[in-house]
Amino acid sequence: MNPLIPGPTSRIYFSQRLRLHYVDWGNPDAPPLLLLHGGRDHCRNWDWVAEALRGDWHIVAPDLRGHGDSAWSPDGNYAVSAFVYDLAQLIHQQKLAPLTIIAHSLGAHIALRYAGLYPDHVRRLVAIEGVWPPPARAHDGAEADIGAHLRAWIDRTRGLAGRLPRRYASIEDAFRRMQEENKHLSPAQALYLTQHGVNQNEDGSFSWKFDNYVRAFAPHDVTMAELEALWRAITCPIMHVYGEETRLPDPAAKGWLPLFRDAELLRVPHAGHWVHHDQLDVFIAAVRRFIGGSTIA
Numbered sequence: 001m002n003p004l005i006p007g008p009t010s011r012i013y014f015s016q017r018l019r020l021h022y023v024d025w026g027n028p029d030a031p032p033l034l035l036l037h038g039g040r041d042h043c044r045n046w047d048w049v050a051e052a053l054r055g056d057w058h059i060v061a062p063d064l065r066g067h068g069d070s071a072w073s074p075d076g077n078y079a080v081s082a083f084v085y086d087l088a089q090l091i092h093q094q095k096l097a098p099l100t101i102i103a104h105s106l107g108a109h110i111a112l113r114y115a116g117l118y119p120d121h122v123r124r125l126v127a128i129e130g131v132w133p134p135p136a137r138a139h140d141g142a143e144a145d146i147g148a149h150l151r152a153w154i155d156r157t158r159g160l161a162g163r164l165p166r167r168y169a170s171i172e173d174a175f176r177r178m179q180e181e182n183k184h185l186s187p188a189q190a191l192y193l194t195q196h197g198v199n200q201n202e203d204g205s206f207s208w209k210f211d212n213y214v215r216a217f218a219p220h221d222v223t224m225a226e227l228e229a230l231w232r233a234i235t236c237p238i239m240h241v242y243g244e245e246t247r248l249p250d251p252a253a254k255g256w257l258p259l260f261r262d263a264e265l266l267r268v269p270h271a272g273h274w275v276h277h278d279q280l281d282v283f284i285a286a287v288r289r290f291i292g293g294s295t296i297a
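Using this note's numbering, the letters of the sequence shown map in sequence onto residues 1 to 297.
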C-alpha cells in the first residue's frame with residue numbers, strides 16, 4: 001500500500017435493521033466496481049486489488065453481515081438469501097447498477113445468485129472459486145431426510161452457541177494463525193490482513209471480527225436445480241478464477257461451466273483459494289483484460 005495515497009472512506013448502510021459497513025475508494029464519476037469478500041474475511045482484504053484498479057473505477061467493498069465492521073445478526077441468521085438481500089440493498093441504496101463485480105468464495109457464490117436474479121444489473125463478473133452446490137446441506141448430504149438434516153443443523157448451531165471467540169494474547173499470535181491459514185501470504189500481507197481482521201478485547205487480548213455463527217448456514221436454501229436455473233439466467237460475461245492448488249471442485253470437471261452462457265475459466269498456477277493474494281500481479285492482469293477500464297460501456 002502506498003502511504004502517500006489516501007485510503008478508502010468507511011460508510012454505513014442498513015439492511016434488515018442491521019448496521020452494515022462498506023468502504024468507498026472514491027472516484028465517483030467512474031463506473032462502479034463492487035468487491036465482495038468471502039467467509040470469515042473482511043472488506044480490507046481487497047486493498048491491494050482496489051489500489052491497482054481505483055484509477056479506472058469507483059470501487060465499493062462491503063463487509064458481509066457478521067464480518068469485519070458490520071453488525072452481527074442477533075439471531076444468527078446467515079442464510080445465503082440474507083447475504084443476497086444485503087447485497088441487493090447496497091446496490092439499490094447507492095444506485096450502483098449496472099455495475100461490475102469481483103467476488104471471492106462465499107462472496108462469489110452470493111454474487112452469482114444476485115446476477116441471476118438481476119441480470120440487467122451486472123455488466124461483468126469475476127468469480128473467484130464461487131461455484132459450488134447450495135451450502136445448507138454441506139455437512140449431511142443432499143440425500144439426508146429432513147429430520148436428520150434439521151437435527152444435524154441444531155447440533156451444529158448449539159455447538160457454536162458454546163464456542164467462545166478465540167483470544168490471542170497479541171497481534172503477533174493472531175498474525176501467526178493467519179500465516180498458518182494461507183502459506184502463500186508474505187509476512188507483510190499476513191500482518192496487514194491480521195491488523196484489519198481483529199478487534200482488541202477489554203482485557204487487551206485480540207479476537208477475529210467475524211461472528212462464529214457464520215460457520216453455520218441456515219438449514220433451508222434453494223435446491224441444486226434452482227441454483228442451476230439462477231446460473232442459467234445470468235447474461236453478463238463471467239470469468240471464473242481458480243487456483244491450481246485449490247481444494248474446491250473444478251467447475252469444468254463437475255459439468256457446471258456450460259450452465260453459464262458466457263463464461264471462461266482461468267486456472268492460476270502457484271495459487272490456492274485466495275488467488276487475489278497468492279498471485280496478485282497475475283490476477284490484476286487477467287482482471288484488467290476481462291473488465292477493461294474507465295471507458296467500458
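A few of these clues could be false.
[What the hints assert, rightly or not] Here are the computed lysine-lysine pairs in the DSBU-like style, where the Cα-Cα straight-line distance is at most 35 Å:
hint : residue 1 : residue 2
1    : Lys95     : Lys183
2    : Lys183    : Lys254
3    : Lys183    : Lys209
[Claimed, not checked] Restraint ranges, calculated between C-beta atoms of paired labels, are given here:
hint : residue 1 : residue 2 : range
4    : Glu245    : Gln16     : 19 to 25 Å
5    : Gln89     : Arg176    : 25 to 31 Å
6    : Asp173    : Gln89     : 19 to 25 Å
Hints were generated in silico from the structure; no laboratory data involved.
We put the beta carbon where it would ideally sit given N, CA and C, even for glycine.
Could you tell me which of the hints above the structure violates, numbers in ascending order? Violated: hints 1, 4, 5, 6.
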